[in-house]
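Chemist: If you want the building blocks of each chain, they are given just below.
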Amino acid sequence: ACGQKEESNAGSSSPASQSPSETAPESASAEPSPSADIEALKGKRIALVMRFNTGTFSAQYVDGVKKQAAKYGGEVTVLASENDLAKMAANLDSAVNQKFDGILVDHGDVGALTNGLNKAKEAGIPIVAFDSGLNDFEGITNLAQNDQLLAEYTLEKLAEEAGGKGNIVKVWVAGFPPMESRQIAYKAFTEKYTDIKEIAAFGDATNPQLDTQNRMEAVLKQYPNKGDITAVWAAWDEFAKGASNAIKQAGRDEIKVYGIDLSDEDLKMIQDPASPWVASAAVDPTSIGTVQVRYLYQKFHGDETDAVVQLEPVFVHRDSLPADKVIATDELSQYVDGWGSSDLGNTDYLTALEQSTGAQ
Amino acid sequence: MTALDQASVLHMRNISKSFAGIRALNNVDFNVRGGEIHALLGANGAGKSTLMKILSGAYESDEGAIEVAGNVCVFRSPADSKRAGIHCVYQEVDTSLVGHLSVAENIFLDRLAASGQKLWLRWGEIYEEAGRLLKRIGLTLSPRTLVRDLTLSEKQLVLIARLYAEKAKFVILDEPTAPLSLEEADKLFGIMEELKAAGIGVIFISHRLPEVFRICDRITVMRDGERVLTENKTDIDVSGVVRAMLGRSFEEEYPKLETTRGEPVLEVRGLESGRRVRGVDLDVRRGEIVAVVGLVGAGKTELSRVLFGADQADKGTVSVAGKPADLSSPAGAVKSGIALVPEERRKEGILVRESVLHNLSAPLLKTVSRFGFLSGKGERGYADKQITDLGIKTPAVTQITAYLSGGNQQKVAIGKWIGTEADVYLFDEPTKGVDVGAKSDIFRIIGRLAQEGKGILYLTCEFAEALGLADRILVMCDGAIVKSFNRGEATQEELLYYASAGREEFA
Amino acid sequence: MKNRLLPFTFKYGALIFIGLVILFFSLTNEYFFTYNNITDILRSISIVTFVAIGVTISLAVDGFDLSVGATVSLSTVVTATMMVWYEMPLVVVLVVPLVVGALVGLLNALLIVKIRIPDLLATLAVMYIVNGIHKTYTKGYSIYGNMPMPDGSTAPGVMDKSFLWIGQGKLLGVPFPVILMLLAVVGAHVFFKYTRWGRQMIITGGNEEAARLSGLKVKRIRTFAYVASGVFAAIGGILFASRIGSGQIDAGAPMLMESVAAVFVGYSVFAAGRPNVVGTFFGAVLMGVLVNGLTMMNVQYYTNDMIKGAVLVLALAVTFIHLNRRKTG
Amino acid sequence: MKNRLLPFTFKYGALIFIGLVILFFSLTNEYFFTYNNITDILRSISIVTFVAIGVTISLAVDGFDLSVGATVSLSTVVTATMMVWYEMPLVVVLVVPLVVGALVGLLNALLIVKIRIPDLLATLAVMYIVNGIHKTYTKGYSIYGNMPMPDGSTAPGVMDKSFLWIGQGKLLGVPFPVILMLLAVVGAHVFFKYTRWGRQMIITGGNEEAARLSGLKVKRIRTFAYVASGVFAAIGGILFASRIGSGQIDAGAPMLMESVAAVFVGYSVFAAGRPNVVGTFFGAVLMGVLVNGLTMMNVQYYTNDMIKGAVLVLALAVTFIHLNRRKTG
Ligand SMILES: Nc1ncnc2c1ncn2[C@@H]1O[C@H](COP(=O)(O)OP(=O)(O)OP(=O)(O)O)[C@@H](O)[C@H]1O
Ligand SMILES: Nc1ncnc2c1ncn2[C@@H]1O[C@H](COP(=O)(O)OP(=O)(O)OP(=O)(O)O)[C@@H](O)[C@H]1O
Ligand SMILES: [Mg+2]
Ligand SMILES: [Mg+2]
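Residue numbers (my numbering), protein chains in the order written: chain A, 1 to 360; chain B, 1001 to 1507; chain C, 2001 to 2329; chain D, 3001 to 3329.
It is worth saying that the hints were derived from the structure and are not from the lab.
Just a few of them, taken from the derived set where beta-carbon distance is under 7 Å, the chain B residues facing chain D:
| hint | residue |
| --- | --- |
| 1 | P1078 |
| 2 | A1079 |
| 3 | T1095 |
| 4 | S1096 |
| 5 | L1097 |
| 6 | V1098 |
| 7 | H1100 |
| 8 | L1101 |
| 9 | L1109 |
| 10 | D1110 |
| 11 | L1112 |
| 12 | A1113 |
| 13 | L1119 |
| 14 | W1120 |
| 15 | L1121 |
Now the stretches of chain C that chain B is said to cover, found in silico as 3 or more residues with beta-carbon under 8 Å:
| hint | segment |
| --- | --- |
| 16 | 2199 to 2205 |
| 17 | 2209 to 2219 |
Simulated pairs of lysine-lysine, DSSO-like, Cα-Cα distance not exceeding 30 Å:
| hint | chain 1 | residue 1 | chain 2 | residue 2 |
| --- | --- | --- | --- | --- |
| 18 | C | K2217 | B | K1377 |
| 19 | D | K3011 | C | K2114 |
| 20 | B | K1315 | C | K2217 |
| 21 | B | K1315 | C | K2219 |
| 22 | D | K3170 | A | K119 |
| 23 | C | K2114 | B | K1366 |
| 24 | B | K1323 | C | K2219 |
| 25 | B | K1393 | C | K2011 |
| 26 | B | K1167 | D | K3217 |
| 27 | A | K165 | D | K3139 |
| 28 | D | K3219 | B | K1118 |
| 29 | C | K2011 | D | K3219 |
These numbers come from a predicted model, not from an experiment.
All residues carry an ideal CB built from backbone N, CA and C; glycine is no exception.
Build the full structure now, drawing on both the sequences and the hints.
Modeler: What follows is the structure, given as structure tokens:
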């Protein structure tokens, strides 16, 4: 199956350019019995080791993983860690002990997982990670959402809509790798736009939404005049929700909110014309799950996969959304390019596998 | 006093102490010699316990000094006092016991607490030695028993066993005999004599004057925080002591009020509960005071608890005023018209952390409230009345009950039931720790209740009280009623004979 | 003079302290002591105050309800699903979570009063159970209007306008949740201070055995206390949902510690040294004032906790140094 | 027969229960009862067990230390910064967090023993303070090798290999943290059972007044207990850092509830009804087994909490129904 490998490698970086008809015969010729090849991919037991597991974003991501695995006839076990890296390490160990066929890692950490990942490698279990910073780890495919880019998209839009000047409020908290990456972009942004001033900054991850709402209210009282605050930049959708609620309830419709991440719930708020939240940048959580499963199946198939796969973020602004109806993230692809429809990581034999499983 | 005596004298000079501005001790001067038994007497709240707590280092005095063998000592903590050889058995036994630890560990509590001992413990030796000490004071208990499973008198004896485990020069016994039966008290007196013979000075506090005169060498009387006299026993008599205590002459008496006896108000048939209540039948008529006497462990307390629904009966029927009583819980018993003044007041009778007011009104919140709202006036009025009637010594009705003297706490435990509209009153050793004056007050109140047509069941191991007070006396032995006497029929000796199941030594 | 001053500072020390904190923020920021900001603070503490009243009640009977946070989470998602999934009328939307809260209280009471598991242990276990239930019920999703359902369809309902008014509306210029909160505080205070049942709770909390032997139905009283605690937590959950307009998973988790902190600061108020409703309210006010004031001062967010803790210590120390002195003095 | 069986099931009920849970998982999943999985479970509970021993000690003197979770967080970031920011030798890396833990314990003791703030109140306040300190110290960032510093430079150090071995290495095929944990459990058990100091703690916890009247220096003992609690939490923090190879902000936050749960289940073991170290260990084992076993059974992750809670209730009920029956019976 060496020819196969090359093909799927190419496929992973530019899936759209590839037509199924080109690869199908090739894989057929390389493999004497394609159906046997596909059969071998069925009935896989997959462990999904997660660091965070609450909120709509996580729920949608898990959904994406499970649905895609189900399409391939696989079964997913979720090992949730409640944001406790030690528990996550234990969960990874447990996954190895249980001899899963493959392991998916979500928001891991090099230090915490190195040992477990080595054990998994020894046991010959393929691993695909998402947003875990495991780039130096050989043999693992890393999906990464470009957090700096996510931040840049929203900050640039903020600057543009504010006319390059104004007073902004930042809602952000350190301590989480994605947050810290977003802060790098924010720092660059403040250096670039010297006329944009940060007048308040806060953030609390333990009760993100309500706490943000309460604190935003305090800031609004502190700057009571229209024009005192131009915009709010929220580095996390939970923060954006809280800030938007506070602003909306205070009737300060001149303040705009820019957030990061996008769940169905967030999308609904962005579409609401009365909501100050106008834009967000995100990678579709469902498609992250989908793509991650595809890469794992490539590994099952024995393909040589890329060490790093970048998931390009999508910028969603209210202006690009329909005003006449409320849509969910699975319809978003009709309005925003690059959302949800990602064919990244797909191959012919996976399509065939999907069809063969669906037929059963 | 010879020089030798001087060397073994403990002297408290000019001791004063106030609590939140209220003076509990005023310029008290008190001394004890080695090798004597010195009684410290006084009405409830006179300041006896406070004085002793200062001596044992539990409290610090505001003024005054303590000298041991001529040296001035400063006791900032119980450890200091212990180091000077002073050991104390406190009035509130539960304050010096650890419930979930074994008897052995409680006996050796001071030793475990002492510094400079070996780090490692040998449990085998500890249990063995504890067993020996228990035998010596005549307690048949396994040293491994948990203290929380003991009765009050057993707890008191464990504390006395603790004295043996220590090397004391002076020993304070704050009302040790209150929870003890006569038999157990006798054993204690034997121990006190032994201590005395060993040259140890014993300070003995008690409200039972006969025993005081039996065992003591000298007597000090306190009144309202001051020392009023110190005499050799031989130089004073009971009435002199009582006069000094109360500030007036007083004859200990059993005020017998005339009552008319009505129909039976409490009927108990075939009551059984565990090993402690075995086939009890009894009747109490309206206006009648029935005493149940028995030695310690006879099952009196158990009987009263079963009759109050605090423990469950295995068998038998109980009716009040002709109707079957609901004894599934104390709440049911109260509703059926039964009230109980329990024996172990600090744990069961009062709420130590609440005010006197809240304690007194606890069982009759319904009476002092309207549509669920409490009437502050009604509640206070009731409390004030009980405080006057029973002579409860408290600076204010809002005082926290924990800060009352032992005897006054007991009065609160009684007072709270007086106002309820119960038909039957159960009193379990209500006069323990109560001074002679207040004792008469309690008897008078009991008599008045009888006059009002209530039925009284009075459980006691003080035969004299039963003889003085009761219309009828039932003798209890090993959980069963073995004999019944009408008023005037029985003598102390007869009661003792039946209470001890006719055993030779008491006959 | 000194003798009269001391008890005064002692009794009102904690209140004076809260006053000083408010004064400080008022002086450093002109917008702090404005009507709008003060009502905002009160509104921001309204949820915690309800939960904290429940905790106060359980502490009054000498219990401790660790499950209140989980109950808030459960009732907030139940409230939201009533509207979003089932399109129920407002009264059902409000009654169902209250019933659910009462049921959680009953479960606690069953374990504590019947099976006699110590309160901390029992309510901790119930906390886990209720947390699990609310996540299982929503399959880990937050609840909001017209949300996509796991089966692909769209939820039929939205968050009701009149419901949202409960958490966001105003009556005579005062935020409605603030009115509710003040009513609850006054009501609970009157209950404890002036009614027979309140007194019975306090007595039960003082010494259960002595209360039982005073003829009180201590089991019923304790059961009632846990049910009340559950219901107050459920009210907190309802307010939560109506304040943020959705049913968030795990929304109540931080409420436990916050409400406990409020209750504990309340121990200091009037030098009570024990749980009391008015104290709890002022405790919640102190915490709310701190969050608001510190945000206005724009101190680094990560130092907030430290300041909060230090202020807590000071507030407590004011009382307990004295309480201590009085006891031994 | 029946009479002899009852006390037996009573005393060993909780242990039998744990055994049944293990049996159940072993039967349903072939991978559960393997050497690797069992040692993994033990390793996964080692951190919580250390923290829980600290909680047990504070409970033994009738205190309650709510600050342990925060102390874990603080010591884990201190440990990491010692290596990453300051490149200290291993011994300093280990000693500094222990000292920090002891200082937190001293602060608790100061408030509780000197100022006499009730323990729950004092340690809650300290929890906030310590949480604030550890975030302020790291400016809210997690600590990892060669991390970018807020000033733009790069941190000089990495997490030391020999340090990481503490949390991740094996000795004779047994994970090193498991060995440490077992030593600590046995040591603490022996301390409480066979040494004078241990008994003094238990006496103090059983009845502080009695302890004081017996001449015990209760203040010193309580101080010692809180310091020990802080130090054990700090050990938990060190293990945490070495297990995950970085210093995470707020890493200890979930430890409080988890360790408290372990301690409480421990009340049931041997029907002690009180805090005891061996029970705490088995409590931690039960929790670890449940988490591991439930994930293996592939129950929905959001139902885990529910099952955990239900099992907790069962484990507790086994003991307390009996304990209760014995008392009234
Ligand atoms: N801790 C305290 N706080 C306030 N008042 C106290 C305290 N301890 C004792 N008192 C008061 O001091 C006075 C003396 O009490 P004490 O206990 O010494 O009396 P007593 O002579 O031992 O009485 P009894 O025979 O009833 O035991 C009482 O009025 C009591 O209310
Ligand atoms: N909770 C308990 N556990 C074990 N034994 C008990 C318990 N309560 C009582 N007993 C036993 O019952 C006996 C005491 O019974 P009870 O208290 O009813 O007798 P009493 O006649 O009232 O004695 P006292 O004069 O001491 O009050 C004691 O000998 C004790 O051994
Ligand atoms: Mg006294
Ligand atoms: Mg008795």
